[in-house]
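Generate coordinates for the entire structure from the input sequences, incorporating the hints supplied.
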Amino acid sequence: MSKRTLNILLPAITGALFVAIWYAVRFSMSEEMRFLLPTPGEIIASFQANGTELGRAALNTAEGALLGFLFATLVSSAFALALSVSSLVRISFYPYLMMLQMIPVIIFAPILVLWVGPGLKSVVVITFLICFFPLVVNTTQGLVSTDRNLVELFRMYRASRPQEIFLLRAPAALPYFFTGLRIAATLAPIGALVGDYTAGSSAGDGGGLGFQAIIYSSQAKYPALFATAAVTCVLGFVFVALVLSLSWLSLHHWHDSYERTDN
Amino acid sequence: MAATPIVEIHDVSKRYGDGPLVLDGLRLDARAGDFISLIGPSGCGKSTLLRLIAGLSPVTGGHLHVDGRTPDQAAAELAFIFQEPTLLPWLTIARNVEVPLKLRGVAAAECRATRDRVLELVRLGDRASAYPRQLSGGQKMRVSIARALSLAPKILLLDEPFGALDEMTREHLNEELLAIRQSQAWTAFFVTHSVAEAVFLSNRIVVMSANPGRSHTEIAVPFAYPRTEATRLSREYHDLVAEVSGLLRSVETTPA
Chain A
1 MSKRTLNILL PAITGALFVA IWYAVRFSMS EEMRFLLPTP GEIIASFQAN GTELGRAALN
61 TAEGALLGFL FATLVSSAFA LALSVSSLVR ISFYPYLMML QMIPVIIFAP ILVLWVGPGL
121 KSVVVITFLI CFFPLVVNTT QGLVSTDRNL VELFRMYRAS RPQEIFLLRA PAALPYFFTG
181 LRIAATLAPI GALVGDYTAG SSAGDGGGLG FQAIIYSSQA KYPALFATAA VTCVLGFVFV
241 ALVLSLSWLS LHHWHDSYER TDN
Chain B
1 MAATPIVEIH DVSKRYGDGP LVLDGLRLDA RAGDFISLIG PSGCGKSTLL RLIAGLSPVT
61 GGHLHVDGRT PDQAAAELAF IFQEPTLLPW LTIARNVEVP LKLRGVAAAE CRATRDRVLE
121 LVRLGDRASA YPRQLSGGQK MRVSIARALS LAPKILLLDE PFGALDEMTR EHLNEELLAI
181 RQSQAWTAFF VTHSVAEAVF LSNRIVVMSA NPGRSHTEIA VPFAYPRTEA TRLSREYHDL
241 VAEVSGLLRS VETTPA
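In order, the protein sequences belong to chains A and B. Residue 1 is where the first sequence starts when you use my numbering, and the numbers rise one by one after that. Residue 1 is where the second sequence starts when you use my numbering, and the numbers rise one by one after that.
The set of hints was computed from the structure by calculation and includes no laboratory data. Take these hints with a grain of salt, some might be off.
Unchecked claim - Distance condition first, Cα-Cα at most 20 Å in a straight line; then the derived EDC-like pairs of lysine to aspartate or glutamate:
id, chain 1, residue 1, chain 2, residue 2
1, B, Lys154, B, Glu176
2, B, Lys154, B, Asp67
3, B, Lys102, A, Glu152
4, B, Lys102, A, Glu164
5, B, Lys154, B, Glu8
6, A, Lys221, A, Glu32
What follows is the structure in structure tokens.
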């Protein structure tokens with residue numbers, strides 16, 4: 001059997017097994033407890049029932065996630081450039097970068113709501129905070145890991161500092177940058193969800209998935225909660241797929257990680 | 001008229017920081033067109049000497065002039081070929097060769113013309129759009145040579161460029177390098193561990209001793225250029241290789 005067929009068939013079998021176990025567990029439960037675990041069928045039904053509001057909420061969360069993610073990418077790249085200038089700068093800033101990552105969003109959220117107001121702005125800031133650290137750490141590492149020989153080559157040709165950074169260090173850092181971006185892409189939808197859960201708002205065109213989750217749980221709509229989780233998963237996949245394609249586009253020509261090994 | 005040396009090395013010494021002397025009282029004048037090989041035990045400072053000529057590191061004592069100026073001022077006349085091909089993996093072969101030209105602000109049209117010319121010179125014109133990882137070790141080294149030649153340097157500094165290649169590839173590249181040299185007038189400093197390579201390529205061989213690095217003996221290689229496969233088969237060639245090998249061994253076993 002070809003590798004391609006296996007790639008599709010094997011996960012499909014695992015998935016089918018998983019659903020079978022799901023049903024088995026569900027029907028082994030006593031009648032009055034079954035509401036705790038809706039069947040996949042019920043979850044799909046709730047998709048149909050709540051489709052419009054779930055779709056709208058997903059778009060809101062996607063917007064927050066995307067904006068926070070893009071912001072974090074831009075700011076972290078600029079920051080990484082500054083950090084790459086000297087190890088003294090890195091030493092001075094590193095503890096505070098760590099601190100930024102340690103800030104518990106749940107505690108910070110109410111303050112943030114007071115600062116920038118609830119809704120999209122808060123969601124963006126929280127997503128930003130969650131994505132920033134892996135991006136800045138990886139990109140900085142990439143910028144300072146340039147092959148020494150290549151740096152000497154550039155010095156030999158008396159390259160200016162900007163030439164060294166933009167023609168050598170930045171492209172050489174791309175694989176590291178994309179590692180950071182992949183991590184951030186998995187974090188961004190979760191970040192936006194948490195942001196929405198803690199600082200979301202129904203004002204305007206309504207909240208995102210986090211806000212929707214609060215409503216569903218208060219109404220004891222469990223199948224809808226599962227549906228919300230599924231939508232969040234899909235959003236995560238979309239983000240990761242986007243970054244993986246970008247990464248492939250910019251690296252597959254030259255980077256060893258994309259070298260075909262089967263020839 | 002006596003030609004002034006293109007590279008003057010007068011009583012040059014070098015130490016890094018508070019470390020021991022790497023080079024001590026080195027004297028060596030290169031005339032334009034010389035092909036000088038530097039051989040010696042590891043730690044004799046031959047690679048350091050190249051870095052000094054390249055202006056990548058300052059001399060500690062003595063003076064070193066390149067084309068009548070300091071190495072730093074003469075940067076435009078110098079090209080360095082490293083032990084590794086040191087290509088930028090994200091650029092095609094063509095773009096790699098253009099790097100020095102771009103860094104020096106050469107206009108795009110001239111850039112392309114020069115790039116095509118030097119790639120032809122190393123017989124890689126048909127691989128211009130390939131990426132470095134698609135090339136063999138020998139091909140990558142030829143790209144590196146093409147890149148170094150792109151700015152038409154007066155002085156070529158080669159730091160064991162063929163050390164990592166197999167014997168056959170190395171011999172081919174030796175011949176190619178000499179063939180290119182026939183049509184160009186650069187002066188070369190060539191660091192190597194291979195006596196055979198040094199004898200085949202150079203008109204002067206400087207045997208260095210270590211701790212600290214000093215010039216021990218200089219040998220003139222009398223064979224006329226162009227040199228070919230036939231040179232390698234000649235009796236005189238083998239005798240000279242044996243003589244230089246003997247010298248090198250005596251230097252290596254001399255207690256510091």
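Against the structure, the hints:
1. Proximity of Lys154 of chain B to Glu176 of chain B is assessed by CA-CA distance (about 18 Å); at most 20 Å being required, the pair is judged to hold.
2. For the suggested pair Lys154 of chain B and Asp67 of chain B, the alpha carbons sit about 9 Å apart, so the restraint of at most 20 Å is met.
3. Of the supplied pair hints, the one linking Lys102 of chain B and Glu152 of chain A holds, its CA atoms being roughly 16 Å apart against a limit of 20 Å.
4. With a C-alpha separation of about 12 Å, the suggested pairing of Lys102 of chain B with Glu164 of chain A holds against the 20 Å cut-off.
5. The hinted pair formed by Lys154 of chain B and Glu8 of chain B meets the criterion: a straight-line CA distance of about 14 Å does not exceed 20 Å.
6. Distance hint between Lys221 of chain A and Glu32 of chain A is fulfilled; the C-alpha atoms sit about 15 Å from each other, no more than 20 Å.
Hint check: no violations occur; every hint is consistent with the structure.
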